[in-house]
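Construct the entire structure; sequences and hints are all you get.
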Amino acid sequence: MKIDIKKIITAAEEGSKILKKYFGQTLKIKEKSLPVNIQTTADLKSEEKILETLKKNFPEFNILTEEKGLIDKKSEYTFIVDPLDGTNNFILGIANFSVSIGLLRQNKIVAGVVENPILDQIYFAKAGQGSFLNNKKIKVNKEKDIKKAIIGYDCDYGHYLEKYFRELLEKLEKKKVKRVMINMSPALDLCRLATGKIEAMINNGNEIYDFAAGKLILREAGGLITDFKGEKETDERKTIFLATNGTDIHQELLEIL
1 MKIDIKKIIT
11 AAEEGSKILK
21 KYFGQTLKIK
31 EKSLPVNIQT
41 TADLKSEEKI
51 LETLKKNFPE
61 FNILTEEKGL
71 IDKKSEYTFI
81 VDPLDGTNNF
91 ILGIANFSVS
101 IGLLRQNKIV
111 AGVVENPILD
121 QIYFAKAGQG
131 SFLNNKKIKV
141 NKEKDIKKAI
151 IGYDCDYGHY
161 LEKYFRELLE
171 KLEKKKVKRV
181 MINMSPALDL
191 CRLATGKIEA
201 MINNGNEIYD
211 FAAGKLILRE
221 AGGLITDFKG
231 EKETDERKTI
241 FLATNGTDIH
251 QELLEIL
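Under my numbering, the final residue of the sequence shown carries the number 257; numbering is consecutive throughout.
Be careful, since some hints might not be right.
[Stated by the list, open to error] In silico BS3-like cross-links for lysine-lysine, where the CA-CA straight-line distance does not exceed 25 Å:
1. 136 / 55
2. 56 / 126
3. 163 / 229
4. 108 / 68
5. 6 / 49
6. 144 / 174
7. 55 / 21
8. 163 / 176
9. 126 / 197
10. 17 / 56
11. 229 / 137
12. 6 / 56
13. 45 / 20
[Unchecked claim] Label-pair ranges, simulated between beta-carbon atoms:
14. 137 / 71: 30 to 38 Å
15. 59 / 128: 23 to 31 Å
16. 173 / 52: 17 to 25 Å
17. 4 / 107: 19 to 27 Å
18. 75 / 128: 15 to 23 Å
19. 74 / 147: 47 to 55 Å
20. 255 / 135: 35 to 43 Å
21. 24 / 174: 37 to 45 Å
22. 231 / 174: 20 to 28 Å
23. 2 / 136: 17 to 25 Å
24. 130 / 240: 24 to 32 Å
Hints in this document: simulated from the structure, not taken from any laboratory.
The structure presented is a predicted model; accordingly, all values stated were derived computationally and were not measured.
Each residue gets a CB set at the ideal place from its N, CA and C atoms; glycine is no exception.
Now the structure itself:
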């Protein structure tokens, strides 16, 4: 089936308009399952607009959203929607958040769009057709020296992960990496990696909504994603992975994971 990426971009743009409207306002915050998992009016309104657009243009496809769960049409195609990736940043007035829409065919990501509304940056990719930022083709950088590498990190919530992160930081310090960043927006971290702004991202948890689109954008830009043992993914819905620019840095990081 031919997928019109422009229609997916339109859905992301509709959600982004909502986020722009609410950004910088004082919003009522609702905690979900954990204190760090929060929801605002902006999340819900953005999701409503995205769903409206996707249902109109892809009425036969399933849709899995962060806020409303699965809309099951018994299709082999499923949209994975995060109407606001980086909610904590959004609430704090930090312009590091996005709308993320990935499309899975069974367990393979075949299309993805990530939009940073404030910077007017639209990243997108289709399987086998490359990755783009605002219609300009993007590629990972080819930095091989881990001492020059900027590493992004993200994880799900849990004290055991906090302990893991402290230990990981010590190992990264021994590797003398240039910098470790926690941006609280996995989708944008993968896109930064795809544009050569950083060299790696370690993801230890999160939900599929956070990275479904970003994974494809990175792969199509020449990046590499494996599990912590170095095995390439057969199921792209997995939530624990190492993503890099595909150089020697990948193996060096595997040695400490």
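Hints versus structure:
no.: 1; hint: 136 / 55; in the structure: violated (28 Å)
no.: 2; hint: 56 / 126; in the structure: holds (20 Å)
no.: 3; hint: 163 / 229; in the structure: holds (20 Å)
no.: 4; hint: 108 / 68; in the structure: holds (22 Å)
no.: 5; hint: 6 / 49; in the structure: holds (16 Å)
no.: 6; hint: 144 / 174; in the structure: holds (17 Å)
no.: 7; hint: 55 / 21; in the structure: holds (23 Å)
no.: 8; hint: 163 / 176; in the structure: holds (20 Å)
no.: 9; hint: 126 / 197; in the structure: holds (21 Å)
no.: 10; hint: 17 / 56; in the structure: holds (18 Å)
no.: 11; hint: 229 / 137; in the structure: violated (31 Å)
no.: 12; hint: 6 / 56; in the structure: holds (14 Å)
no.: 13; hint: 45 / 20; in the structure: holds (12 Å)
no.: 14; hint: 137 / 71: 30 to 38 Å; in the structure: holds (33 Å)
no.: 15; hint: 59 / 128: 23 to 31 Å; in the structure: holds (25 Å)
no.: 16; hint: 173 / 52: 17 to 25 Å; in the structure: violated (48 Å)
no.: 17; hint: 4 / 107: 19 to 27 Å; in the structure: holds (22 Å)
no.: 18; hint: 75 / 128: 15 to 23 Å; in the structure: holds (21 Å)
no.: 19; hint: 74 / 147: 47 to 55 Å; in the structure: holds (51 Å)
no.: 20; hint: 255 / 135: 35 to 43 Å; in the structure: holds (38 Å)
no.: 21; hint: 24 / 174: 37 to 45 Å; in the structure: holds (41 Å)
no.: 22; hint: 231 / 174: 20 to 28 Å; in the structure: holds (25 Å)
no.: 23; hint: 2 / 136: 17 to 25 Å; in the structure: holds (23 Å)
no.: 24; hint: 130 / 240: 24 to 32 Å; in the structure: holds (27 Å)
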